[in-house]
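Start from chain W and add chain F according to the hints.
Protein sequences, first through last, are from chains W and F. So that you can map any letter, position 137 of the first sequence is 1557 in the numbering used here, and since no number is skipped, the others follow by simple counting. So that you can map any letter, position 104 of the second sequence is 759 in the numbering used here, and since no number is skipped, the others follow by simple counting.
Honestly, I wouldn't trust all of these hints.
In silico DSBU-like cross-links for lysine-lysine, where the CA-CA straight-line distance does not exceed 30 Å [stated by the list, open to error]:
(1) F:Lys762 / W:Lys1555
(2) W:Lys1530 / F:Lys854
(3) W:Lys1548 / F:Lys840
(4) W:Lys1633 / W:Lys1623
(5) F:Lys762 / W:Lys1576
(6) W:Lys1504 / W:Lys1446
(7) W:Lys1576 / F:Lys662
(8) W:Lys1623 / W:Lys1567
(9) F:Lys854 / W:Lys1504
(10) W:Lys1576 / W:Lys1623
(11) W:Lys1670 / W:Lys1632
(12) W:Lys1556 / F:Lys840
(13) W:Lys1670 / W:Lys1446
(14) W:Lys1623 / W:Lys1530
(15) W:Lys1446 / W:Lys1576
(16) W:Lys1623 / W:Lys1678
(17) W:Lys1576 / F:Lys842
(18) F:Lys762 / W:Lys1548
(19) W:Lys1633 / W:Lys1555
(20) W:Lys1678 / W:Lys1633
(21) W:Lys1576 / F:Lys854
(22) W:Lys1469 / F:Lys840
(23) W:Lys1446 / F:Lys840
(24) F:Lys842 / W:Lys1530
(25) W:Lys1469 / W:Lys1530
(26) F:Lys840 / W:Lys1504
(27) W:Lys1568 / F:Lys937
(28) W:Lys1504 / W:Lys1568
(29) W:Lys1458 / F:Lys937
(30) W:Lys1568 / W:Lys1548
(31) F:Lys762 / W:Lys1568
(32) W:Lys1567 / F:Lys842
(33) W:Lys1556 / F:Lys762
(34) W:Lys1548 / W:Lys1678
(35) F:Lys840 / W:Lys1458
(36) F:Lys673 / W:Lys1504
Just the calculated beta-carbon pair ranges, DEER-fashion [said to hold, decoys possible]:
(37) W:Asn1580 / F:Asn679: 43 to 53 Å
(38) W:Glu1630 / F:Met750: 17 to 27 Å
(39) W:Trp1572 / F:Phe845: 53 to 63 Å
None of these hints come from the bench; they were simulated from the model. We treat Cβ as the ideally placed atom computed from N, Cα and C, and that holds for glycine.
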Amino acid sequence: MIEQDLISKVVSLEDYSQKKFDTIIKVENLFAYFGELKALDNISLSIPKNSVTAIIGPSGCGKSTFLRCLNKMHQEIGGTTEGKIYYNGIDIENIDPVILRRNIGMVFQKPNPFPTMSIINNVVAGLKYNGVRDKKLLNEIAEICLKKVGLWEEVKDNLNRSGASLSGGQQQRLCIARTLTVNPEVILMDEPTSALDPIATTKIEDLIYELKKDYTIIIVTHNMQQAARVSDYTAFFYMGRLIEFSDTKKIFTNPSNKQTEEYISGRFG
Amino acid sequence: MEENIKKYKRKLIFRKLKSFFIMNLSFISALIAIVPLAFIFYYTVSKGISHLNIDFFIAMPKPVGESGGGMANAIVGTLILVGLGGLIGLPIGIMAGIYLAEFGNNKFAFLLRFMTDVLSGVPSIVVGVVAYTLVVIPMKHFSALAGGVALAILMIPTVTRTTEEMIRLVPHSYREAGLGLGIPKWKTSFFIVLRTAWKGIATGILLALSRAAGETAPLLFTALGNRFWSTDIFQPIASLTVYIYDYARAPFEDWNQQAWTAALVLILFISLFSIAFRIITKSKYKTNQ
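So that you can see chain F by itself, here it is in the shape it has in the complex:
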């Protein structure tokens, strides 16, 4: 009896040790995971803050040789590009996701799902080339529209797959409740299932938009860049990322500094956008029971 109790106590201590070890290991891993983010923030803030002033947001880039100036055109350009990408990519992505989740039990859907996965793995520069062939060549010049198409192609797989996954997570009972009330199938999909899954889909949309805002490669030969003010979607347009790319490589100290500031502004924008988006799409009620 004594023997057994001793044995049990030893076992218990061992178990507690294991639990302690695993818990701390996962905690340390979580810490390590956010270290790069901390470094990114630290570097961009420390290097970029010096040039962060009101001019950066409202002034145009100065000609080569002059210091100062801002990137108003690039900030607006990035907004337009991401907006165009979203306008084209989000509806297609969401609808495709609904199709895959609600009607996707056939060979075509299987193929579609597979191709979406492949598409999400295609390097963004290749997507840029595709947009170049599809839009730039027929139009015979670079344009914001071409950039928007490239970004849209990049957004579609993320949005499609998150929409599908999130809709699949909605318990079948809600769908049946809708159908059982004599609500037509498409209305059940849109107003009941999609609504229930909306929070998760919003996260996917957010991710896709943020990623698009940070893309450089596909813009290089689609939107090209523009040193002047332009909001015409049929003309080349500036973007923060292309500016970062150009200015970081430039041989001028002042331009390098501005590249850091542009990076900081981009990160701030994406963060602010994420927070705002979460507040706007916040559901009045909890989705999970």
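Chain W with its partners taken away, still in its complex shape:
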């Protein structure tokens, strides 16, 4: 179902380069460093709105760093960047990190519900600590977001249990619901299924497909099948450089770069 739809939606690279789509994030000549170490080397790309963009590449190629630059999380752990990132045309240098992160949410590799909070408090944490006090409103938003991630039926009777009591897959969906509550436009996902079993992974992938209608999703993944299944566009990173960026079908069937082809076919990485 997903794949069929994906094929019907295929657009050529030319269409893309002519900017027939709204660009939500535009990266220009981005360099990122950890101290002296260069993690990203001159990355330029544009992320189209309401699409899923997958970032693939071998370990240590800068995928996660790239993702973390987009919501200024890279600077949080002492990293530095050069170059420009535009979000809806605004240089993110000029956007306060707190505001930026409400617009560009993030889901992490390991499900990380807050261990000392109940399920319901986990979901609304982002709102609560941003000043929303109205209990009724919080509960309503929590229900909407839990329904969006398909967790409502599973947890509606146990909303006061610890978030950590859920299974790994449920925890990850809880974390996605938590991200949705602050109503972001973009959701960054850093290997969201790498700690999950195949069934939980399928659920998350279906969810990504659903969320695409309302959100722009950028997903880092080690799993190339996953990239092929869920994404519209794929970027291949290698050694901190962007080797190839084009629509997913092209990358996986007819990559223009030799390195991409070798990585896709499993010859290195």
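What follows is chain F alone, placed relative to chain W:
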């Protein structure tokens, strides 16, 4: 082949012996570690129980020569002193710990950490002298406040370092989850990280308060002691530990007995307090996943 199996079996027996030996050695060490505690309990209970009656908690000390009486003023005095110490020391210690853990990647923090460690090694009597200079001399008389300041100085390093260590133990992913939701950094530190680390910090607080309740030396020339009822923090105040010190040295049999009872009461108080504190601060959910 036979040879190999034999060799393997011998090895296995040797391994099991080693395991048995180490396990028992650690068990015996654990036993030895609690022996002093058992002795303390045994002596204080056996010697102190005879004078432990309701009077001890509600009556005032009797004048020299008269037997009986209690230490109501000292019990209240210890509570006030520890309360004052906590009121001053805990917020400073916790905030300093948060600073060191969350923002402490600079030279100043390194220096601060080092000085906190030095402070925790300073003898308590020296801390008493400092409080004497800082509070008693300017005020021109001994006071409960001076005692509280001395106890606070003793609490700060313990609380600071436990808070820092416990916050550092909180996985970075929780901090990032908070920041990723667009929660401001200070709110993430307070409402998410601190909350996750709270159980460990509570243990540190407990330790600091218990230790403060048992301090004598820094109180000798700050809170001084008082044979009369007083809850005024600007006046000298009685405390159980100073009473133990005075009564144990006194040449009266009855006073020596009362010193044992005071020691028993102090230990009971600290134990009860520990249990109550643990129940109160018990988290609804498990902190460790």
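Okay, the hints, checked on the actual structure:
1. F:Lys762 / W:Lys1555: violated, 44 Å
2. W:Lys1530 / F:Lys854: The given pair, whose Cα atoms are some 23 Å apart, holds under the 30 Å limit.
3. W:Lys1548 / F:Lys840: Holds - the C-alpha atoms of lysine 840 of chain F and lysine 1548 of chain W are around 14 Å apart, at most 30 Å.
4. W:Lys1633 / W:Lys1623: holds, 17 Å
5. F:Lys762 / W:Lys1576: Violated, at about 50 Å.
6. W:Lys1504 / W:Lys1446: The hint holds at about 8 Å.
7. W:Lys1576 / F:Lys662: Between lysine 1576 of chain W and lysine 662 of chain F the Cα gap is close to 61 Å, so the pair fails against 30 Å, i.e. violated.
8. W:Lys1623 / W:Lys1567: Satisfied, since the Cα-Cα distance of roughly 13 Å is no more than 30 Å.
9. F:Lys854 / W:Lys1504: Not OK: lysine 854 of chain F and lysine 1504 of chain W at ~43 Å, beyond 30 Å, violated.
10. W:Lys1576 / W:Lys1623: Within the cut-off at roughly 18 Å; holds.
11. W:Lys1670 / W:Lys1632: It holds: about 20 Å lies between the C-alpha atoms, which stays within 30 Å.
12. W:Lys1556 / F:Lys840: holds, 26 Å
13. W:Lys1670 / W:Lys1446: The hint holds at about 21 Å.
14. W:Lys1623 / W:Lys1530: Given pair lysine 1623 of chain W, lysine 1530 of chain W holds - Cα atoms ~16 Å apart, limit 30 Å.
15. W:Lys1446 / W:Lys1576: At roughly 40 Å apart (the allowed maximum being 30 Å), lysine 1576 of chain W and lysine 1446 of chain W break the hint.
16. W:Lys1623 / W:Lys1678: Given that 30 Å is the threshold and the Cα spacing comes to 33 Å, the pair is violated.
17. W:Lys1576 / F:Lys842: Holds, because 28 Å separates the two Cα atoms, which is no more than 30 Å.
18. F:Lys762 / W:Lys1548: Roughly 35 Å separates the two Cα atoms, so the pair is violated.
19. W:Lys1633 / W:Lys1555: holds, 28 Å
20. W:Lys1678 / W:Lys1633: Violated: lysine 1678 of chain W and lysine 1633 of chain W sit about 33 Å apart, past 30 Å.
21. W:Lys1576 / F:Lys854: Roughly 28 Å separates the two Cα atoms, so the pair holds.
22. W:Lys1469 / F:Lys840: holds, 29 Å
23. W:Lys1446 / F:Lys840: holds, 26 Å
24. F:Lys842 / W:Lys1530: holds, 22 Å
25. W:Lys1469 / W:Lys1530: At roughly 26 Å apart (the allowed maximum being 30 Å), lysine 1530 of chain W and lysine 1469 of chain W satisfy the hint.
26. F:Lys840 / W:Lys1504: Status holds; Cα separation ~24 Å.
27. W:Lys1568 / F:Lys937: Violated, at about 34 Å.
28. W:Lys1504 / W:Lys1568: violated, 33 Å
29. W:Lys1458 / F:Lys937: violated, 46 Å
30. W:Lys1568 / W:Lys1548: Distance of about 20 Å is within 30 Å: holds.
31. F:Lys762 / W:Lys1568: violated, 47 Å
32. W:Lys1567 / F:Lys842: holds, 28 Å
33. W:Lys1556 / F:Lys762: violated, 47 Å
34. W:Lys1548 / W:Lys1678: violated, 49 Å
35. F:Lys840 / W:Lys1458: holds, 27 Å
36. F:Lys673 / W:Lys1504: violated, 63 Å
37. W:Asn1580 / F:Asn679: 43 to 53 Å: The hinted range 43 to 53 Å holds for asparagine 1580 of chain W and asparagine 679 of chain F, with Cβ atoms some 45 Å apart.
38. W:Glu1630 / F:Met750: 17 to 27 Å: The hint (17 to 27 Å, Cβ to Cβ) is violated, given that glutamate 1630 of chain W and methionine 750 of chain F are roughly 45 Å apart.
39. W:Trp1572 / F:Phe845: 53 to 63 Å: Given about 30 Å between the Cβ atoms, the range is violated.
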